[in-house]
Amino acid sequence: MRRRQGVSLAWLYLATFVLGIGLWWLYAALGDNELAPAPPEVIESFREGLRDGWLLEHTAASLQRVVAGFLLGVALAIPAGFLMGWYRWARGMVEPWVQFFRTVPPLALIPLVIVFLGIGETAKIFVIFLAAFLSCVIATFQGVRNVDVTFVNAARVLGANDATIFARVIVPASMPYIFVGMRVALGSSWATLVASELLAAPTGLGRMMQSAQQFLQTERIVVGIIMIGALGFAMDRLLLVLERRLTSWQEVR
Amino acid sequence: MRRRQGVSLAWLYLATFVLGIGLWWLYAALGDNELAPAPPEVIESFREGLRDGWLLEHTAASLQRVVAGFLLGVALAIPAGFLMGWYRWARGMVEPWVQFFRTVPPLALIPLVIVFLGIGETAKIFVIFLAAFLSCVIATFQGVRNVDVTFVNAARVLGANDATIFARVIVPASMPYIFVGMRVALGSSWATLVASELLAAPTGLGRMMQSAQQFLQTERIVVGIIMIGALGFAMDRLLLVLERRLTSWQEVR
Amino acid sequence: GCSGDSESSDDQAMAGGRESVELNVGYIDTSINGVGVIAVANELELWEKAGIDVNLTPFTNGPTQVEAMAAGSLDVGYMGAGATWMPASGQAVIVAPSEATYGDFLIASPDSGAQSVEDIEGLRVGVPVGGSGEMILSLALDAAGLTEDDIEKVPLDPPAVVSAFVSGQIDVAAIFSPLSDQIMQSVPEAVVIANNKDFPDVTFLGAWVASNQAMEGKQEAVERFLEVYIEANDYRKENPEETVELAAAESGAPAEQLQGQVDALEWFTSDQLLADNEDGTTRERFGALQDLFVELGRMESPRPVEEWVDVDLFAQAAESLS
Amino acid sequence: MAPMISIQAVTKVYQSSRGDVTSLDDVSLDVDRGEFVTLVGPSGCGKSTMLNLVAGLLEPTSGQVLVNGAPVSGPGPDRGVIFQQYALFPWLTARKNVEFGLRLQGLSKRERRERAQHYLELVGLGRFGSALPKELSGGMKQRCAIARAYAVNPSLLLMDEPFGALDALTRVQMQDDLLATWQQERRTVLFITHDVDEAVYLAGRVVVMSPHPGRISDIVDVPLPYPRTEDMRLSPQFAEIRGRVWRGVHHPSATSNLRGDGA
Amino acid sequence: MAPMISIQAVTKVYQSSRGDVTSLDDVSLDVDRGEFVTLVGPSGCGKSTMLNLVAGLLEPTSGQVLVNGAPVSGPGPDRGVIFQQYALFPWLTARKNVEFGLRLQGLSKRERRERAQHYLELVGLGRFGSALPKELSGGMKQRCAIARAYAVNPSLLLMDEPFGALDALTRVQMQDDLLATWQQERRTVLFITHDVDEAVYLAGRVVVMSPHPGRISDIVDVPLPYPRTEDMRLSPQFAEIRGRVWRGVHHPSATSNLRGDGA
Ligand SMILES: Nc1ncnc2c1ncn2[C@@H]1O[C@H](COP(=O)(O)OP(=O)(O)OP(=O)(O)O)[C@@H](O)[C@H]1O
Ligand SMILES: Nc1ncnc2c1ncn2[C@@H]1O[C@H](COP(=O)(O)OP(=O)(O)OP(=O)(O)O)[C@@H](O)[C@H]1O
Ligand SMILES: [Mg+2]
Ligand SMILES: [Mg+2]
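Chains as they are written, first to last, in our numbering: chain R, 1 to 253; chain Y, 1 to 253; chain S, 1 to 322; chain H, 1 to 263; chain P, 1 to 263.
Just so you know, not all the hints are guaranteed correct.
[Said to hold, decoys possible] Some chain P residues judged to face chain R by a derived CB distance under 7 Å, without partners named:
hint, residue
1, Gly-34
2, Pro-75
3, Pro-77
4, Val-81
5, Leu-132
6, Lys-134
7, Val-220
8, Phe-238
9, Ala-239
Source of the hints: derived by calculation from the structure; they are not laboratory data. Ideal Cβ placement from N, Cα and C applies to all residues, glycine included.
Chain R with its partners taken away, still in its complex shape:
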């Protein structure tokens, strides 16, 4: 089955997408739940959002936060994961906190964040940053620990010091793991968006969904879910393209 070319992924994506919409519509039409909006209502809400501008406004605000938090988180997680994987003291000092905060629900952190970072944009980006960082650092750490010792040895005998080994051996060798981390971090970033926008956000998709939930505007929640899902999916595709470029040296199927 490796050989058969088969249909392209894009078509399969489309098929599953159409299937999903179909099931949803069916459910909305057959079920008697007033709170389950049907596709037309959602499309209507979508158009309204575009027309009145709120959709773009919310989306732009959220996208900025997620991108900033995600990039910061990943950028810090890679060296942190390296330090943890490489130096015992770093692992001993940092790992418990990473583990600890990873299990703490973001909601519970919000009071703390307010006290230390206030309610501005920084605080919101920090919550997302934290989610991205904590997801990514574990994967990077594992990647570093799983680097084949042969490569490290080969670099050492060529005269590499720890910094070089990090940049030119560990990072490329654990790239597949780092990508796992980045993909998971991307999901976490978006999933934490709502929590972050509990922090005094005038605009944002999470905020919009929060109020929509309060007001049971379910079609607007669905618009929010779809926007977040679509943006997340698009960013994930970008990561995959990047991954393919950076890990094409691997001998995989």
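Guided by the hints, dock chains Y, S, H and P with the ligands onto chain R, whose structure is given.
Relative to the frame of chain R, chains Y, S, H and P with the ligands by itself:
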């Protein structure tokens, strides 16, 4: 630095733990924030919880949910990740949904979950299951895609069919990735606990923190955070022990 | 009815000569109004008496209960005044008023220098979206001749309002009890610049609601729930201390916190409720709330109050009790 | 009867980062049932490529490969392969590696153990059954891979420089073992080596390849009778054949790759 | 002057899943500056272990290893290593692999490129600079690893069966190249091989090892003058030394591992 034995991890953990408590105490003592409880108050609340039984009750309820959700999520994520990594149709059909739901905040899913699963224990476990599954499936999927083709070929020429290759090549070869997935999933499971217990839970740590937040019993929130963190850390250690046993074949530092 | 000589010794199944009915009841277990009624009903074994095979589920808020109702998982639930726009917009039907609260405050920080609502122009006002905090803010702004555009509205999670206020991130908090008490404890110099009592025209009424499905198919069961409610309500009105104790034991919430809630609200005797129902006061009050919701944008247009506030079942229940 | 292996006008072009690389160019070769054919040629001439095509691990760009008269559509246990890089499963012990294929044949646990032990002893790893690959030396890994392939007892053995990491004596022993079982069980063997001596000693036919692009430049019959003995290595006939193969491999054009290509 | 390498009563015990494995047992050896020493012995006798100790990649369980008079505390660019399994960086092209060490020496981009190209051509990979390791054949990977080690021009070269995957002619060329630069630059070389011929042809001294546990069983001086020529291979003196080494390696007790151990 690979060679120097150095202090054991356990001591470092202890040191960083003491340091953390110290900083917290200092902050509570110096800061004038009445919402930040000091260690003694938290310990008092802890003892009270043990004495009156609510702590154990909440913990047991949450632990059951998390363990059930986590195990289900992981148990399903591994074969799902394999299918996605191995069969193009599976990838095409499943990946968009995985990506999609990964980015959707668990809070936003709750209305949907209520509609389909009601408000019972199943619904709560499902929310945790979903978080665990979605975190783990990505890592497994990446692990499967990154399996060295040489091993697959070696198995094929020995007569292995797809099922055998899955069980006896792909699973062991991607074990390091699966463990990344499991560790991340564990964090997600706990982090989603609060969201899941918004679903009409009479007991549970998340529930306890929710009410404590209502009543601003901050020391009880901290007790909840500490319990969650400690249980998460303990379960993570278990995973690490398991990992060491299952991946000792690797040639790593 | 069935013949009484069946071998059944199960008086739950045959209470008062009526076959027992199943009912899914939700409540907010951090509110004395929710958990208090449930605890009293349990203590006095009112469910058995009314012939209800009850299935109790605690919730944290009103909207989740409405979601559960829409999904068919819940028949009856309790919600505070801040959520009653949901029945108003057709998501459920109010079957009984519960309490009037006076626990909503506009509190200004000492540093802001604000002494009255007029002074908050241009200040940062933290407010939980969708709750009664927003309502008190709206009323206060109206009265002061201001609009939302004159202030910097900072939407926050309810507990986050406290953190933000205490740490100086916002100048004014529009918040309800008991979070308001927490603010006053943490920042004693803070100034209360508005409270429900300043706006006697609008009563913040909490309510018990029934799902639309239950109102169609399970009227009988809902009516029996109201029998339970009537008795529990009278008990709590007469014995507030015991009610607080029972509620604290039921939910694990701290008694002093629940007592704090009681101090900021008013319960009515069941006779009073019946009278209010009959002379139109109840519908008038909910109508006033609806107007506020429309103003706040939570509803597009008002609906006739009769469509979403039912007074007949309550009357029936009172009837069958007497 | 159809030949065991029939390579028919096969061209293999790799799509690589540097553009297309023609690894095999219009190669044809038939190997009869029970034949022992060795493949020699300079490094990079396409030997492994050819073997992988027969194993079903690669698909020809054009032409076709038949095994037992049927086009190859994928790998299978009828064709045992010893890979140039051993390809042991690092998560299994030496014994479990050898048992891997046996298990798939549905052998009982006891049979598996016995057979695995037998082949481990054959390659001198009797005491290393419970060692993980990372605990084996280079030569030991190679021997373990040999045991794994032998154990499934395939009718066609495809061996890619299987004795490359072994010392001379071990190597001779392994050669003789291979020849002995080959004769007993009438297997077909396609054997890659860079050692001309080995190629001649083992084969009924030596296929000589030349690089850039990979082609068959000569096919040398070895009319020495089986069983081969150490004495034969010293015979003039052996020396003559050896010489012919050597010249074939090291034909000026064939070796141009080492010195001439970068200039 | 202190010897370049001084291995003093070194014992190396591996802690493995199967308990302790004594890989080297009380081994001592001095290698002088500028010496070319080859290490032969049956598979698994501890050759790679010894080389890794000198490289600083392993630590002796007891005894000590001095390089240049100082105890070895880790690997360094003064000791170039060619690993038995190549250890190319799979994410770098052949050229980038060769440039890796040069970059660490602070060479300019142009110098790096030139030097890398030089060594790639030396090993016959001039046209494969931009190929990734996975796109190279087995022998090509090995040659790339050789180029990488040569390029940093270390004063001590540690080579673990570096020519194992090469065909005979390429091998001879590589041997001659190695000898030529060794003479020019007065390097010290420790060279592992399983090919007795190669061991004698290259070395000033052949160290013969025996397994279980790994010990030095014989040290054979090769009094043939440098430069060595192909003619010498045919000389009776060469044959005699070769014979002695062969007997040393294949002493009955030494090879007991292949047939005797599992019984
Ligand atoms: N995946 C690949 N992508 C691109 N080129 C490849 C790939 N695999 C092999 N080649 C090229 O194909 C040619 C033949 O490779 P092959 O591995 O068949 O050689 P070989 O005869 O086995 O050599 P050796 O004796 O060194 O193992 C080489 O030039 C090599 O660079
Ligand atoms: N990591 C390890 N753990 C346990 N045992 C090991 C380990 N590495 C090597 N050994 C054992 O040490 C012995 C010597 O190994 P070494 O790799 O030095 O052999 P060698 O002489 O290089 O063999 P070859 O010629 O096959 O490469 C072997 O018996 C091997 O099983
Ligand atoms: Mg090859
Ligand atoms: Mg070795």
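Outcome of the hint check:
This hint is violated: Gly-34 of chain P has a C-beta 21 Å from the nearest C-beta of chain R, more than the 7 Å allowed. For the restraint placing Pro-75 of chain P at the interface with chain R, the shortest Cβ-Cβ distance is roughly 4 Å, inside the 7 Å limit, so the hint holds. Using the Cβ-Cβ criterion of 7 Å, the hint placing Pro-77 of chain P at the interface with chain R is satisfied: the shortest such distance is roughly 3 Å. Checking Val-81 of chain P against chain R by beta carbon gives a least distance of about 4 Å; that is within 7 Å, so the hint holds.
Using the Cβ-Cβ criterion of 7 Å, the hint placing Leu-132 of chain P at the interface with chain R is satisfied: the shortest such distance is roughly 5 Å. Hint status for Lys-134 of chain P relative to chain R: holds, with the closest Cβ pair at about 5 Å, below 7 Å. Using the Cβ-Cβ criterion of 7 Å, the hint placing Val-220 of chain P at the interface with chain R is not satisfied: the shortest such distance is roughly 28 Å. Checking Phe-238 of chain P against chain R: minimum C-beta separation of about 33 Å lies over 7 Å; hint violated.
Taken as an interface hint, Ala-239 of chain P does not check out: its beta carbon lies about 36 Å from the nearest beta carbon of chain R, beyond 7 Å.
Hints 1, 7, 8, 9 from the earlier list are contradicted by this structure; the remaining hints agree with it.
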